[in-house]
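> Taken in order, these protein sequences are the chains called A, B and C. Take the first sequence: its position 182, counted from the start at 1, is 182 in full-length UniProt numbering, and no numbers get skipped. Take the second sequence: its position 88, counted from the start at 1, is 88 in full-length UniProt numbering, and no numbers get skipped. Take the third sequence: its position 139, counted from the start at 1, is 139 in full-length UniProt numbering, and no numbers get skipped.
No wet-lab data here; the hints were simulated from the structure. Glycine included, each C-beta is placed from N, C-alpha and C at the ideal position. Errors might be hidden in some of the hints.
What the hints assert, rightly or not - To give an idea of the interface, some chain B residues facing chain C are shown, with a C-beta separation under 10 angstroms as derived from the structure:
1. SER22
2. VAL207
3. ARG210
4. ALA214
5. ASN227
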Amino acid sequence: MPLLEIRNLVVEFDTAAGPFRALDGVDYTVDAGEVLAIVGESGSGKSVAMLAVMGLLPDTATITADRMAFEGRDLATLSPKDRRQVIGKDISMIFQEPIASLNPCFTVGFQIGEVLKTHTRLSGSERAARVIELLKAVGIPEPERRLSSFPHQMSGGQCQRVMIAMAIACSPKLLIADEPTTALDVTIQKQILDLLLKLQAESGMGLIMITHDMGVVAETADRVVVQYQGRQMEEADVLSLFESPKHPYTKALLSALPENATGDRLPTVGDFRALFETAPKEATA
Amino acid sequence: MTEASATQTPATETAVAAKLASESRNATKAMLTEFWYYFSQNRGAVIGLAFFLALVVVAVFAPLVAPHAPDTQYRDSFLTPPVWEAGGKAAFLLGTDAVGRDILSRLIYGARYSLFIGVIVVTIALSGGIVLGVIAGYFRGAVDTFIMRVMDIILAFPSLLLALVLVAILGPGLTNAMIAIALVLQPHFVRLTRAAVLSERNRDYVVAARLAGAGNMRLMFKTILPNCLSPLIVQATLSFSSAILDAAALGFLGMGAQPPTPEWGTMLAEAREFILRAWWVVTFPGLAILITVLAINLVGDGLRDALDPKLKRS
Amino acid sequence: MSGDAILKVRDLKRDYVIKGGIFTKPRILSAVKGVSFDVERGTTLAVVGESGCGKSTLARILTMIDPATAGTVEIDGQPIDIAKYGVSREMRQKVQIVFQNPYGSLNPRQKIGAVLEEPLLLNTDMPAAERRDAALAMLQKVGLKPEHYGRYPHMFSGGQRQRIAIARSIMLKPKLLVLDEPVSALDLSVQAQILNLLADLQEEFNLTYVFISHDLSVVRYIADKVMVMYFGEAVEYGTRDEVFDNPRHSYTKTLFAATPRADVNSIKARLAKRAA
Numbered sequence: 001m002p003l004l005e006i007r008n009l010v011v012e013f014d015t016a017a018g019p020f021r022a023l024d025g026v027d028y029t030v031d032a033g034e035v036l037a038i039v040g041e042s043g044s045g046k047s048v049a050m051l052a053v054m055g056l057l058p059d060t061a062t063i064t065a066d067r068m069a070f071e072g073r074d075l076a077t078l079s080p081k082d083r084r085q086v087i088g089k090d091i092s093m094i095f096q097e098p099i100a101s102l103n104p105c106f107t108v109g110f111q112i113g114e115v116l117k118t119h120t121r122l123s124g125s126e127r128a129a130r131v132i133e134l135l136k137a138v139g140i141p142e143p144e145r146r147l148s149s150f151p152h153q154m155s156g157g158q159c160q161r162v163m164i165a166m167a168i169a170c171s172p173k174l175l176i177a178d179e180p181t182t183a184l185d186v187t188i189q190k191q192i193l194d195l196l197l198k199l200q201a202e203s204g205m206g207l208i209m210i211t212h213d214m215g216v217v218a219e220t221a222d223r224v225v226v227q228y229q230g231r232q233m234e235e236a237d238v239l240s241l242f243e244s245p246k247h248p249y250t251k252a253l254l255s256a257l258p259e260n261a262t263g264d265r266l267p268t269v270g271d272f273r274a275l276f277e278t279a280p281k282e283a284t285a
Numbered sequence: 001m002t003e004a005s006a007t008q009t010p011a012t013e014t015a016v017a018a019k020l021a022s023e024s025r026n027a028t029k030a031m032l033t034e035f036w037y038y039f040s041q042n043r044g045a046v047i048g049l050a051f052f053l054a055l056v057v058v059a060v061f062a063p064l065v066a067p068h069a070p071d072t073q074y075r076d077s078f079l080t081p082p083v084w085e086a087g088g089k090a091a092f093l094l095g096t097d098a099v100g101r102d103i104l105s106r107l108i109y110g111a112r113y114s115l116f117i118g119v120i121v122v123t124i125a126l127s128g129g130i131v132l133g134v135i136a137g138y139f140r141g142a143v144d145t146f147i148m149r150v151m152d153i154i155l156a157f158p159s160l161l162l163a164l165v166l167v168a169i170l171g172p173g174l175t176n177a178m179i180a181i182a183l184v185l186q187p188h189f190v191r192l193t194r195a196a197v198l199s200e201r202n203r204d205y206v207v208a209a210r211l212a213g214a215g216n217m218r219l220m221f222k223t224i225l226p227n228c229l230s231p232l233i234v235q236a237t238l239s240f241s242s243a244i245l246d247a248a249a250l251g252f253l254g255m256g257a258q259p260p261t262p263e264w265g266t267m268l269a270e271a272r273e274f275i276l277r278a279w280w281v282v283t284f285p286g287l288a289i290l291i292t293v294l295a296i297n298l299v300g301d302g303l304r305d306a307l308d309p310k311l312k313r314s
Numbered sequence: 001m002s003g004d005a006i007l008k009v010r011d012l013k014r015d016y017v018i019k020g021g022i023f024t025k026p027r028i029l030s031a032v033k034g035v036s037f038d039v040e041r042g043t044t045l046a047v048v049g050e051s052g053c054g055k056s057t058l059a060r061i062l063t064m065i066d067p068a069t070a071g072t073v074e075i076d077g078q079p080i081d082i083a084k085y086g087v088s089r090e091m092r093q094k095v096q097i098v099f100q101n102p103y104g105s106l107n108p109r110q111k112i113g114a115v116l117e118e119p120l121l122l123n124t125d126m127p128a129a130e131r132r133d134a135a136l137a138m139l140q141k142v143g144l145k146p147e148h149y150g151r152y153p154h155m156f157s158g159g160q161r162q163r164i165a166i167a168r169s170i171m172l173k174p175k176l177l178v179l180d181e182p183v184s185a186l187d188l189s190v191q192a193q194i195l196n197l198l199a200d201l202q203e204e205f206n207l208t209y210v211f212i213s214h215d216l217s218v219v220r221y222i223a224d225k226v227m228v229m230y231f232g233e234a235v236e237y238g239t240r241d242e243v244f245d246n247p248r249h250s251y252t253k254t255l256f257a258a259t260p261r262a263d264v265n266s267i268k269a270r271l272a273k274r275a276a
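In isolation and in its complexed conformation, chain A is listed as follows:
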């Protein structure tokens, strides 16, 4: 049984210009211990799907799916209370802007403690010990001293580490990372990616990496889903995706990478558009 299984997910938003279909029938499957990368450019709906799973979409969104199950339990039919139990405890998420994702009014220690208070029955002193343990696990030096730091006293990379500590506080079975390193410098990005992969390997949780960066995909993923304008273009394991991309869009993306440049000018996705706009999902087979 897969950890997370989503079939034919459709998300529509009401906008000034009428309904807008952000996701059009996408499928995802994540197994325990697997790293799935969802890669796409802006407007591909790569974040929308996971926000829909987490129930974080605004009221203007209409979500329909044939199946949306976590460990075999249908998320749509869960009571709000059970759903809250699953989300936040068994599934957790980290976001792109680490500094904005932390509440500037509270200390880091307090914010991690809050998560534990909501989802576990640990006593006060046990919680304090666990917070220090978590900060140590995410590689924050001198965790005892950092407990009483406010988010603005830390760098972006450290804030992202704190976010990760919060996300893994309840030992989730699935961690969703939405562009976790986009706002960070390259050297920090490397550290954060290494940390995420280390934690994932240690705990055996499922990890979904949402990203636009093919480099990040290549460095982290086991399996990759390529999306374009709300539709799934290709799903493949990471090696075959880079070695022999099947869908024209994937080919276009890979050839647009400057490091793969051969000639004087880069090939652009526009050169391939005619190919993949007429050839939708079949290529994923």
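Here the structure of chain A is known, so what remains is to put chains B and C in place on it, guided by the hints.
Frame of chain A, contents of chains B and C only:
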């Protein structure tokens, strides 16, 4: 660079210009359509706007709409109750006041004064506030400190009291009341403009305009100011209603419009002694003020929703 | 490389004074600590570094937005010192900048036509019709359509906005263009288009670029010379091949090692390591 235009005949030249102009109009239209979509999402705002527009029409065509002249005294009907009360007359729908003037007609003419007060006061306060606020926010430093401390001093007074003092110095009358109210409302505009300018002045597009060679005046009023207008429009609407309210209050205290002007606050003041005997002489002017202010505030709310940049995608 | 340097920078320094409180002394923060380099006409110098390394400060000095604290900058043979002499019309026509964020660099209340015509309006005596023609020709040149002339910035995608920003920056036919992370905020496919556009424009107008970036793969693709900055200092400066093939400073090496690689061999290596 101009080789494209050099080969063009004058006829295609004008065609191009016409096409560009129509494209440009379409873009403006699209902006307005989007604005109206967000505004119309707020039902209260639409109702408020409808009421306000109706009030404007009534005020403009007051001589045609009003059944009587506002200052004609009907000696045979002092304090006639409204038509649905015992003793009411069909000629005076909302009754008459103590000297036999038709209340409905006076209210209709009074709408002219209220709208006039709102427009004048907001215009003075807004233009003064924008100039001072832009200067303070753009130049910072000592100029900023000076302007803002003066504004703080004005804000430190209870607003009606300050207006009263000003009117006492300038002498009672509608014009002086309007000046006083405008002065009292001004600091809000200055603060708002300054805050908006502060957040915009370091944006990349301002730097780009400076690099393109724009001078201070152009940067202040042509580049930055248009991007600061949204909160100002909202504040202007809300100030419109407080101007009406303050003018009514000054009128009620005998410091604003003088009798027999059919200004709503003045009408209330004149009717003070009849509150117990003839409820209609105070109720209707009071309701007129209340509903108008409410309608304008609703419009202001809707504008805030429609103009809030957080709702926009860009 | 004819040795025809259009931009000569010698020992450039920029300090910021951080105001102290009542009890603390003001501190001095050096954002750029003595940087020297040359850029030849028609070539691209890439400035690489992470946040806080002073590369944006450098961009602001080169484009005459901020003055330098010490050192000299010479553009096209003319020394610039805006602290003393200000910026002349003539100098302004020599250097322009393209910002990172295409959403912040265009005035939301200004139609595209006005955006493009503003530099001409303020710096030349061109009549309105000619300005319009110049703007239309430029729109075409950067791959946009004439009907975009009357639209507002929010009606465009990020890539299109960056095209507009580039068009604006070359309206005055500058010699030197400072590109401050021009493709960092863009999608991969759009990034490729913008890089191509920049290459086209460089060829056509013999433009000189100072290309500021943190993305090594982009730098490797576009640069002739590379300067790596670290905490306000240029730790590495040389031709692209020198820097990429034989990095000398340890920071450059760390930077290269940290850059994610999207090639099959490194994926294979990673998967093998993971399986082990």
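> Of the numbered hints stated previously, which ones are contradicted by the structure, given in increasing order?
Checked against the structure, no hint fails, so every one of them is satisfied.
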